[in-house]
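Engineer: Each chain, letter by letter, is given below.
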Amino acid sequence: MVRLKKLSTLIIHNLKKAKGQYVSFGVFICLTAFIINIALMLAFQTFHAYGSLFEELDTADINVIIPQMQDDDALLTEVEGIDGVSFAEKHEGVFKPVTVREFADSDFDMNTVFYDLDEKRTLNRLKVTESSTKGDASVYIPVFMKELGGFAEGGSITYSIDGKDHTYLISGTVLEMQYGNYGTGMIGGYFPKAVYEEFAREYEEQVIAEYSLKTTEGADLHAIKNAISDMFKEKGITILKSNDRDTVKQTRTMVCTLLIVIFLALAAIILVVSIFLSNFRIRSAIEGELAQMGVLKAIGYTGNMIIAATVMPYVLTGVMATVSGIALSYAVLPFVAGILAIQSGFSYTPVFDSTAFLIVILVLTLAILLFSYLSAGKIHRLEPINAIRGITGEEAAGQNILLFIVSFGIMVLLSFAGTLLYNVSIKPDHFMNTLSEELPSVIFTAEDEKMSELKEILENDSRVMLVMEYASVPVSYEDGNLTAFVCEDFSKATNDICYEGRSPVKENEIAVGNAIADGFPIGEKIELTVGGRSADYTVTGYIQSVNNAGMVCQLTSKGYEKIGEKANSVNVYLYQKNAAAFIKEYEETCGAVIKSSVNFEQLSENGQKLYAGIVSAIVVILFVISVLMVLLVMYVIIHSMISRRRQEFGIYKAIGYTNRQLTVKTALGFLPAVAAASVISAIAGLWYLPAINNITFSMIGAVKNHFQVSVLILIVFAIMFIAAAFAISVLLSAPIKKITAYSLLRE
Amino acid sequence: MEKQAVISAKHLKKAFGKGESMQVIYSDLNIDIYKGDFTVIMGSSGAGKSTLMYSLSGMDKPDGGEIDFDGTDITKLNNDKLAVFRRRQCGFVFQQIYLIEKMNLMDNVIAAGVLTSKDREGIKNRAKELFSLVNIPENTWRKTSSQISGGEAQRAGIVRAVINSPNVLFADEPTGALNSANSGAVLDVFSSLYENGQSIVMVTHDKKSALRGNRILYIKDGKIYGECDLGKYEPDHSERTEKLDRFIKEMGW
Numbered sequence: 000m001v002r003l004k005k006l007s008t009l010i011i012h013n014l015k016k017a018k019g020q021y022v023s024f025g026v027f028i029c030l031t032a033f034i035i036n037i038a039l040m041l042a043f044q045t046f047h048a049y050g051s052l053f054e055e056l057d058t059a060d061i062n063v064i065i066p067q068m069q070d071d072d073a074l075l076t077e078v079e080g081i082d083g084v085s086f087a088e089k090h091e092g093v094f095k096p097v098t099v100r101e102f103a104d105s106d107f108d109m110n111t112v113f114y115d116l117d118e119k120r121t122l123n124r125l126k127v128t129e130s131s132t133k134g135d136a137s138v139y140i141p142v143f144m145k146e147l148g149g150f151a152e153g154g155s156i157t158y159s160i161d162g163k164d165h166t167y168l169i170s171g172t173v174l175e176m177q178y179g180n181y182g183t184g185m186i187g188g189y190f191p192k193a194v195y196e197e198f199a200r201e202y203e204e205q206v207i208a209e210y211s212l213k214t215t216e217g218a219d220l221h222a223i224k225n226a227i228s229d230m231f232k233e234k235g236i237t238i239l240k241s242n243d244r245d246t247v248k249q250t251r252t253m254v255c256t257l258l259i260v261i262f263l264a265l266a267a268i269i270l271v272v273s274i275f276l277s278n279f280r281i282r283s284a285i286e287g288e289l290a291q292m293g294v295l296k297a298i299g300y301t302g303n304m305i306i307a308a309t310v311m312p313y314v315l316t317g318v319m320a321t322v323s324g325i326a327l328s329y330a331v332l333p334f335v336a337g338i339l340a341i342q343s344g345f346s347y348t349p350v351f352d353s354t355a356f357l358i359v360i361l362v363l364t365l366a367i368l369l370f371s372y373l374s375a376g377k378i379h380r381l382e383p384i385n386a387i388r389g390i391t392g393e394e395a396a397g398q399n400i401l402l403f404i405v406s407f408g409i410m411v412l413l414s415f416a417g418t419l420l421y422n423v424s425i426k427p428d429h430f431m432n433t434l435s436e437e438l439p440s441v442i443f444t445a446e447d448e449k450m451s452e453l454k455e456i457l458e459n460d461s462r463v464m465l466v467m468e469y470a471s472v473p474v475s476y477e478d479g480n481l482t483a484f485v486c487e488d489f490s491k492a493t494n495d496i497c498y499e500g501r502s503p504v505k506e507n508e509i510a511v512g513n514a515i516a517d518g519f520p521i522g523e524k525i526e527l528t529v530g531g532r533s534a535d536y537t538v539t540g541y542i543q544s545v546n547n548a549g550m551v552c553q554l555t556s557k558g559y560e561k562i563g564e565k566a567n568s569v570n571v572y573l574y575q576k577n578a579a580a581f582i583k584e585y586e587e588t589c590g591a592v593i594k595s596s597v598n599f600e601q602l603s604e605n606g607q608k609l610y611a612g613i614v615s616a617i618v619v620i621l622f623v624i625s626v627l628m629v630l631l632v633m634y635v636i637i638h639s640m641i642s643r644r645r646q647e648f649g650i651y652k653a654i655g656y657t658n659r660q661l662t663v664k665t666a667l668g669f670l671p672a673v674a675a676a677s678v679i680s681a682i683a684g685l686w687y688l689p690a691i692n693n694i695t696f697s698m699i700g701a702v703k704n705h706f707q708v709s710v711l712i713l714i715v716f717a718i719m720f721i722a723a724a725f726a727i728s729v730l731l732s733a734p735i736k737k738i739t740a741y742s743l744l745r746e
Numbered sequence: 000m001e002k003q004a005v006i007s008a009k010h011l012k013k014a015f016g017k018g019e020s021m022q023v024i025y026s027d028l029n030i031d032i033y034k035g036d037f038t039v040i041m042g043s044s045g046a047g048k049s050t051l052m053y054s055l056s057g058m059d060k061p062d063g064g065e066i067d068f069d070g071t072d073i074t075k076l077n078n079d080k081l082a083v084f085r086r087r088q089c090g091f092v093f094q095q096i097y098l099i100e101k102m103n104l105m106d107n108v109i110a111a112g113v114l115t116s117k118d119r120e121g122i123k124n125r126a127k128e129l130f131s132l133v134n135i136p137e138n139t140w141r142k143t144s145s146q147i148s149g150g151e152a153q154r155a156g157i158v159r160a161v162i163n164s165p166n167v168l169f170a171d172e173p174t175g176a177l178n179s180a181n182s183g184a185v186l187d188v189f190s191s192l193y194e195n196g197q198s199i200v201m202v203t204h205d206k207k208s209a210l211r212g213n214r215i216l217y218i219k220d221g222k223i224y225g226e227c228d229l230g231k232y233e234p235d236h237s238e239r240t241e242k243l244d245r246f247i248k249e250m251g252w
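Protein chains in written order, with numbering that gives the first Met the number 0: chain G, 0 to 746; chain V, 0 to 252.
A portion of the hints provided could be inaccurate.
Now the in silico label distances, taken between C-beta atoms and shown as ranges [said to hold, decoys possible]:
{"no.": "1", "chain 1": "V", "residue 1": "GLU100", "chain 2": "G", "residue 2": "LEU327", "range": "33 to 39 Å"}
{"no.": "2", "chain 1": "V", "residue 1": "ASP187", "chain 2": "G", "residue 2": "LYS737", "range": "34 to 40 Å"}
{"no.": "3", "chain 1": "G", "residue 1": "VAL22", "chain 2": "V", "residue 2": "ASP187", "range": "41 to 47 Å"}
Think of the hints as simulated: they come from the structure by calculation, not from any bench.
If you're wondering where the values come from, they're calculated on a predicted model, not measured in any experiment.
Even glycine gets a Cβ: it sits at the ideal position worked out from N, Cα and C.
Work the whole structure out from these sequences, hints included.
Structural biologist: What follows is the structure, given as C-alpha cells:
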C-alpha cells in the first residue's frame with residue numbers, strides 16, 4: 000500500500016496547480032450527488048413516509064362499498080370470517096358523483112364519499128388539521144383538494160350534486176391514506192356530525208356501508224377481494240366500489256416513481272460525463288507533464304505512488320463535492336416533496352437518511368477511484384527516461400472523442416427534455432392519452448329511453464366532430480372488480496389504449512387491463528358479473544390504464560348489455576374548445592333528454608395542469624444541467640488544450656494572427672465533434688427516444704405511450720446546442736489573449 | 000590505495016529501433032565507476048553517453064549485460080524495485096532541470112526527501128543547509144522555478160538530487176541550458192560536493208564542465224574508447240586543461 004503521508008506534498012501540489020479543473024470536476028460530482036440523493040431520498044422516504052402514514056392511520060388493506068340498504072348486521076362477522084381477514088370495520092357514508100365548483104378555477108367531477116368526521120373509527124383514521132374558522136355548514140377537505148384545487152381553510156367550497164349546489168365553509172383539511180387523489184377514482188369529503196346527518200337525510204338512497212378490512216401478513220389481497228365478491232354476489236349485494244392498498248399506493252406515488260426514474264437516469268448520464276471528463280483530464284495531465292512524471296520516477300517515486308498522487312485529488316474533490324451535493328439536496332428536498340404532495344395527496348418532511356448518504360458516497364467514490372485509477376494506469380508503463388524524453392508510446396488523449404461522447408450525452412438529455420415539453424405542454428393530448436382513456440369534450444348522460452334522440456341531435460350539430468356511446472361502469476370478475484369501458488364501436492375511439500392484440504368487436508369479446516393480463520392469455524375466457532347476471536367473454540387484447548392501476552377492461556355496448564343495463568352516457572368530441580358554452584346551451588335547449596353533463600374538456604385541462612407543472616420543473620432542471628455540463632466540459636477541454644498548445648498559439652501570434660482569429664479558430668475546431676454528435680444524436684433520437692419513453696412510462700404502468708418524437712424539436716435543439724457550444728467555446732477561449740509571443744522567449 | 004568500484008557494468012548491450020532501422024548504441028561495453036570519483040563521460044553527439052549513464056543509474060534498462068551497483072545487479076530489478084533503488088542510491092541532475100512546475104523550491108526538495116525519511120523537519124533542515132551550500136537565499140525557497148534564474152533552478156535541482164545523500168550523483172549536461180555565469184556557479188557546487196566525498200557521474204560535451212572531473216571517459220564506437228586521469232580540480236590549472244585537450248584530441252573529438 001502506498002503511504003499517503005509520503006505523498007501529501009505531491010497531492011497538495013496537484014490540487015493547487017489545477018484548481019479550476021478540480022472545481023469543474025467537483026461541480027459535476029456535486030450535481031450527480033445532488034440528483035442521486037434526491038432520487039434515493041424520494042425512493043426511501045416517500046415510500047417510507049407513505050408506509051408510516053398508512054400504519055399510523057391504521058388504513059385498511061381493502062375497502063368495499065355497498066348500498067346501505069343491502070347491508071345487514073350479520074355481514075360484518077361474516078366478512079371478518081373470510082380467510083386472510085384479521086379485522087373488519089364498518090363505516091357509514093354517502094357515495095355520490097359530484098362536481099366541485101371552482102376547483103383550480105374550473106368544475107371538477109369526481110366520485111366522492113362523504114363521511115361523518117366524528118364517527119368513531121379504528122381503521123382509516125383521519126389526521127385532521129383544524130382551521131380557526133368554524134361555521135354551521137362546515138366541511139373538511141382532503142389534502143389533495145387543497146393542494147391541487149387551490150382551496151384554503153377558512154374559504155368555501157361548492158359541491159354540485161344532481162344539479163344542486165351545496166356550499167360549505169372549509170374548516171380544515173384531512174390527511175388520509177384510503178383515497179388520496181383523483182387517480183384513485185374516489186375521494187373523501189368529511190362533515191361534522193350534524194352537517195353529515197342532514198346531508199345523509201337529503202341523499203338517503205346514496206347512503207353506503209363501507210367495509211374496511213385489515214388482512215393478515217402475507218395475505219393475497221386479490222383472493223380476499225374475490226372471496227368478498229363471491230360472498231356478496233351470493234347475497235345479491237352490489238359492490239359499488241372497492242379499492243386496495245396496492246393500487247392506491249401505485250396511483251398516489253406515480254409521479255414520485257416517474258421522478259425517481261428520470262433523476263436516476265439523469266444522474267447516470269452526468270456521472271458518465273464526469274468520468275469521461277476526469278479520464279480526459281488525467282490523460283491530458285499525463286501527456287502534458289510527461290517529463291515531470293519521468294523525473295518523479297527518476298528520483299524514486301514508484302508508478303503506484305505517482306498514480307495515487309494523481310488519483311487522490313480526484314477522490315478528495317469527489318468526496319467533498321459528494322457531501323456538498325448531498326447537503327444541497329436537503330435544501331431542495333422540501334420543495335420537491337411539496338410538488339409531489341400535489342399529486343400524491345400527502346406531505347412529509349424529508350429527514351437525513353444515512354442509508355442514502357452512504358450509498359451516494361460509496362457509489363461515487365468507488366466510481367471515481369476505479370475510473371481515475373484506470374485512466375492513470377498508463378503511468379505504470381512509463382519508462383522514466385522515455386517520459387523525460389517525451390515518449391509515451393501511446394496515442395494522445397482523444398479530445399474530440401470526449402467531446403463527441405459528452406455532446407451526444409447532453410443531446411440525449413436535451414432531446415428527452417424537448418420531447419417531454421412537446422408532449423406535455425405543446426401537444427398535451429399525447430400525455431393525457433397515455434395516462435387516461437378517452438378525452439372527449441363533453442360527456443352527456445341521457446334520460447332513460449332518450450339516448451337515440453340525444454345522439455341524433457348531437458350528430459346533426461355542425462360543431463360536433465364525433466358522438467360515441469361510451470361509459471365507465473363497475474363489473475366483477477373472479478378475483479375482484481374492474482372498471483369496464485363500454486363503447487358502441489372501439490374503432491371510433493380517439494385514444495387507442497390497446498397495447499397488445501385488439502379491442503373487442505363482437506359482443507362476446509373483451510380486452511383486459513395490464514394488471515390482470517398475465518392471468519388471462521388472449522383467446523382465454525373471463526366471466527364478468529354485474530348484479531347477479533354473468534357472461535363469458537373471450538380475451539382479444541390487453542389495454543392499459545394508469546389511473547385505475549390496470550384493473551380495467553373494454554366491452555362493446557352489446558357485450559355489456561348481456562349483464563348490465565344499457566349505459567346512457569355519450570362522449571361528445573367538439574371541433575373547437577368551447578365545452579362550457581356548449582353544455583350550457585344544451586342544458587337549456589335539450590334539458591328534457593339530458594340527465595347530466597360533464598365538462599371533460601375542463602377535467603382534462605385540470606389533469607394536464609397537475610402534470611404540466613411537474614414536467615415543466617423537470618424540463619427546466621434538465622436544461623440548466625445541460626447548459627452547466629456544456630460549460631464545464633468545454634472549460635476542461637479548452638483549458639487543457641490552451642495549456643498544451645501554449646507554444647503553438649505564441650507562434651501564431653508571432654507570425655501575425657490576431658486574438659480574434661485564434662479564438663474563432665479554436666472554437667471552430669470543436670465544432671465538427673459537437674455538430675456530428677448533435678446531428679447523430681438527433682437522428683438516433685427517432686429510435687432511442689421512443690425506447691426511453693417506453694421505459695419511463697412502463698414504470699408507472701403505461702405499457703404503451705402516445706408520445707411523439709418531433710423532428711422539428713430535435714433539429715431546433717441540435718442547432719441550439721451547436722450554437723451554444725460555439726458561443727461558450729469563444730468565451731472560454733479568451734485566455735488565449737493572455738499568451739504573448741514574448742512569453743515564449745522567456746519559457 | 001586501490002579504488003573501490005561502486006558500479007561495475009559488464010557486456011552491456013543497447014540498441015534502439017527494430018529490423019533495418021535498428022541502431023546499435025553499444026554491444027559489449029564494460030565500465031567501472033569508482034567511489035569518490037568525479038567521473039565525466041564524454042563523446043560525440045549520438046555516441047550513447049546519456050544512454051550509458053541512464054543504464055548505469057537504473058533509469059533505463061540495457062538490452063543485455065550486468066550492472067552491479069553496490070552489490071545489486073540492477074538489471075534484474077523490476078520497475079518498482081528500481082524506483083526504490085534510485086531513491087536510495089542515486090541523485091539526478093538534468094540538462095532541462097525539470098523542477099516540478101508550480102511547486103516551490105523547498106517543496107521540490109521535500110518531495111524527494113520524504114521518500115527516504117519520515118522526519119519532515121529533518122528533511123527541511125537539511126534542505127536549508129544544502130540551499131545555503133549552493134548559495135540559494137532564503138527568500139527564494141518559496142519561489143517556483145519560473146520565478147528564478149536558470150542557474151538558481153539548476154542549483155535547486157542539485158539540492159533535490161542530493162537530499163537523500165545518494166551513493167552516486169548523476170548529471171546529464173547540467174550546464175547545457177545555462178549561460179556562462181550560471182554554469183560556473185553550478186559547476187562550483189559539483190566541485191564542492193566532490194570535495195566532500197560525493198561520487199559523481201557527469202555526461203557532458205563541454206570542456207569547462209569536464210575539467211571539474213578527475214576521471215574522464217570517452218565513449219566511441221559503442222565502447223569506452225579512452226580514459227584520462229586529470230587529478231584533483233584546481234581553478235586556473237593550465238596543465239589539467241592541456242591534458243584534457245590532448246586527450247580529447249587523441250580520441251578524435
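Engineer: Run every hint past the structure and note whether it holds.
Structural biologist: Hints, one by one, checked against the model:
1. The beta-carbon spacing between V:GLU100 and G:LEU327, approximately 34 Å, falls within the hinted interval of 33 to 39 Å.
2. Separation of V:ASP187 from G:LYS737 is about 38 Å and conforms to the stated range, judged on CB atoms against 34 to 40 Å.
3. Look at G:VAL22 against V:ASP187: about 45 Å separates their beta carbons, and that is inside 41 to 47 Å.
Violated hints for the displayed structure: none, as all numbered hints are satisfied.
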